Structures are given as structure tokens and as C-alpha cells.
Amino acid sequence: KQEVTQIPAALSVPEGENLVLNCSFTDSAIYNLQWFRQDPGKGLTSLLLIQSSQREQTSGRLNASLDKSSGRSTLYIAASQPGDSATYLCAVPYGNNRLAFGKGNQVVVIP
Amino acid sequence: DAGVTQSPTHLIKTRGQQVTLRCSPKSGHDTVSWYQQALGQGPQFIFQYYEEEERQRGNFPDRFSGHQFPNYSSELNVNALLLGDSALYLCASSAGQTKLFFGSGTQLSVL
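Just so you know, the protein sequences line up as chains E and Y, in that order. Take any residue in the first sequence, note its place counting from 1, add 597, and you have its number in the numbering used here. At position 24 of the second sequence (counting the first as 1) the number is 14 in the numbering used here, and the numbers step up by one without a gap.
Chain E extracted, bound-state conformation:
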């Protein structure tokens, strides 16, 4: 069974600082890893999807890295803004295209 852990569970940073969010998974036989953003009580917005053949993926101020052998992924958010305040979820597929999620990193960016 795939277990996904996200550390830290919650963090607050002043505006302008870089954010580093960590995700670990127990079964390294994955074919991709996805990072999502979730605002309170809302659905999931896909931020980045990294294929197992890639080591990183970038979109604007977001960069995600993947190290399959060590079972880790890191999401970097550069120059954080108050609008980045949200919960960030890491997910990996298992079985037949179903996702195992971590509990999320709850981020507050202080103006």
C-alpha cells in the first residue's frame, strides 16, 4: 500500500520568502507525482505533474523535483505572495489510476 507523508503540516512565512514543501512516499514504483493546491472548502487545482522519467518540472514561480529512488518530492515556491496561502497536496498513483494523497502542507503567507 502506498503511504504519502507531507512535512511540515503547517507553516507561516513572511511575504517574499521562498517556500519549500516536502513529500515522501513509500513505494518508489510510481509513474508520476502530482502537486495540487486546495483553498478552504474547495476542490483541487493541479499545479504540476512530474513524470517518473523527469527530475523536475517548472511553472512560473513553482518548481517541483522528484527523486524516485529516495521516495521524495519537493515543491519550491519562489518569492511567496499572500495569494499563495492555501493547502498544498502531494499525490502519487497506485493501482489503476487512483491517487494516494498526503495530508497536505497548510501555508500562510503573511503580508
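What the hints contain is simulated information worked out from the structure, not anything from laboratory work. Values in this document were obtained by computation on a predicted structure and should not be read as measured data. Please note that a few of the clues may not be correct.
Below, in silico cross-link-like pairs of lysine to any residue (SDA-like), each with a Cα-Cα straight-line distance of 20 Å or less [said to hold, decoys possible]:
| no. | chain 1 | residue 1 | chain 2 | residue 2 |
| --- | --- | --- | --- | --- |
| 1 | Y | 16 | Y | 43 |
| 2 | E | 639 | Y | 99 |
| 3 | E | 700 | Y | 94 |
| 4 | E | 700 | Y | 65 |
| 5 | Y | 89 | E | 651 |
| 6 | E | 639 | Y | 12 |
| 7 | Y | 89 | E | 660 |
| 8 | Y | 3 | Y | 55 |
| 9 | E | 598 | Y | 45 |
| 10 | E | 639 | Y | 0 |
| 11 | E | 639 | Y | -3 |
| 12 | E | 639 | E | 681 |
| 13 | Y | 89 | E | 648 |
| 14 | E | 700 | Y | 3 |
| 15 | Y | 89 | E | 649 |
| 16 | Y | 3 | Y | 65 |
| 17 | E | 665 | E | 646 |
| 18 | Y | 89 | E | 691 |
| 19 | E | 700 | Y | -3 |
| 20 | E | 700 | Y | 77 |
| 21 | Y | 89 | E | 629 |
| 22 | E | 665 | E | 682 |
| 23 | E | 639 | Y | 43 |
| 24 | E | 700 | Y | 12 |
Put chain Y on the given structure of chain E with help from the hints.
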């Protein structure tokens, strides 16, 4: 092109009642998955439908059942509601085993 749409957005029920949640997949998608997200937790896989059949199921009791219609839309039914069923229910669609797209969810409160 509409994305994944879910209805209703919010629902309040009492213990013992039954509830039906609805999902319309993104255009061109034929596979629908349902997830339950309790407060402060990551989403948990309930089941997945393809070609009007339940293809795989997570660790949820038989009180949770579903259906997929010929137009690929889907329903999630929960019988004999418990307080612990209070959660955000998320629907995701995909074209076969491709990337999942999530709806905005239905917030269910059981009193």
C-alpha cells in the same frame, strides 16, 4: 469546455438518511472516480467507474455505492448516514488512465 461539475455544492442531512451526489465529467472523459476528504485530511479513494461498471474500490463500506450513466456522468449514494460521513466529496474524471481532473466538490454535513 466545462470542466468537472458537481452538484449540489453543499448539503445538510441527518443521521440515518440517504444522500445522492452527482458528477458530470470533463468533455471527452470516460472514467469517473470519487474521493472523500475529511477535515484536515487528504482525499481518500472511494471507487472508480468505467463503462458503467465499478472498476476498483477503496476501503469503504457497502453503504457507499455508485452508478455511471451512458453519458459518463456519475452518482455517489451513501445510505444510513453517520456523523463520520461529514466530509468534502470530490469527483475526478479522466480519459482512461490519463491525468485526473477534479471538480469543486460537494460539502456534506451530517447532523
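Verification of the hints:
| no. | hint | in the structure |
| --- | --- | --- |
| 1 | 16(Y) - 43(Y) | 18 Å, holds |
| 2 | 639(E) - 99(Y) | 15 Å, holds |
| 3 | 700(E) - 94(Y) | 18 Å, holds |
| 4 | 700(E) - 65(Y) | 26 Å, violated |
| 5 | 89(Y) - 651(E) | 16 Å, holds |
| 6 | 639(E) - 12(Y) | 16 Å, holds |
| 7 | 89(Y) - 660(E) | 19 Å, holds |
| 8 | 3(Y) - 55(Y) | 17 Å, holds |
| 9 | 598(E) - 45(Y) | 18 Å, holds |
| 10 | 639(E) - 0(Y) | 11 Å, holds |
| 11 | 639(E) - -3(Y) | 13 Å, holds |
| 12 | 639(E) - 681(E) | 15 Å, holds |
| 13 | 89(Y) - 648(E) | 11 Å, holds |
| 14 | 700(E) - 3(Y) | 26 Å, violated |
| 15 | 89(Y) - 649(E) | 14 Å, holds |
| 16 | 3(Y) - 65(Y) | 17 Å, holds |
| 17 | 665(E) - 646(E) | 14 Å, holds |
| 18 | 89(Y) - 691(E) | 13 Å, holds |
| 19 | 700(E) - -3(Y) | 25 Å, violated |
| 20 | 700(E) - 77(Y) | 14 Å, holds |
| 21 | 89(Y) - 629(E) | 10 Å, holds |
| 22 | 665(E) - 682(E) | 28 Å, violated |
| 23 | 639(E) - 43(Y) | 28 Å, violated |
| 24 | 700(E) - 12(Y) | 25 Å, violated |
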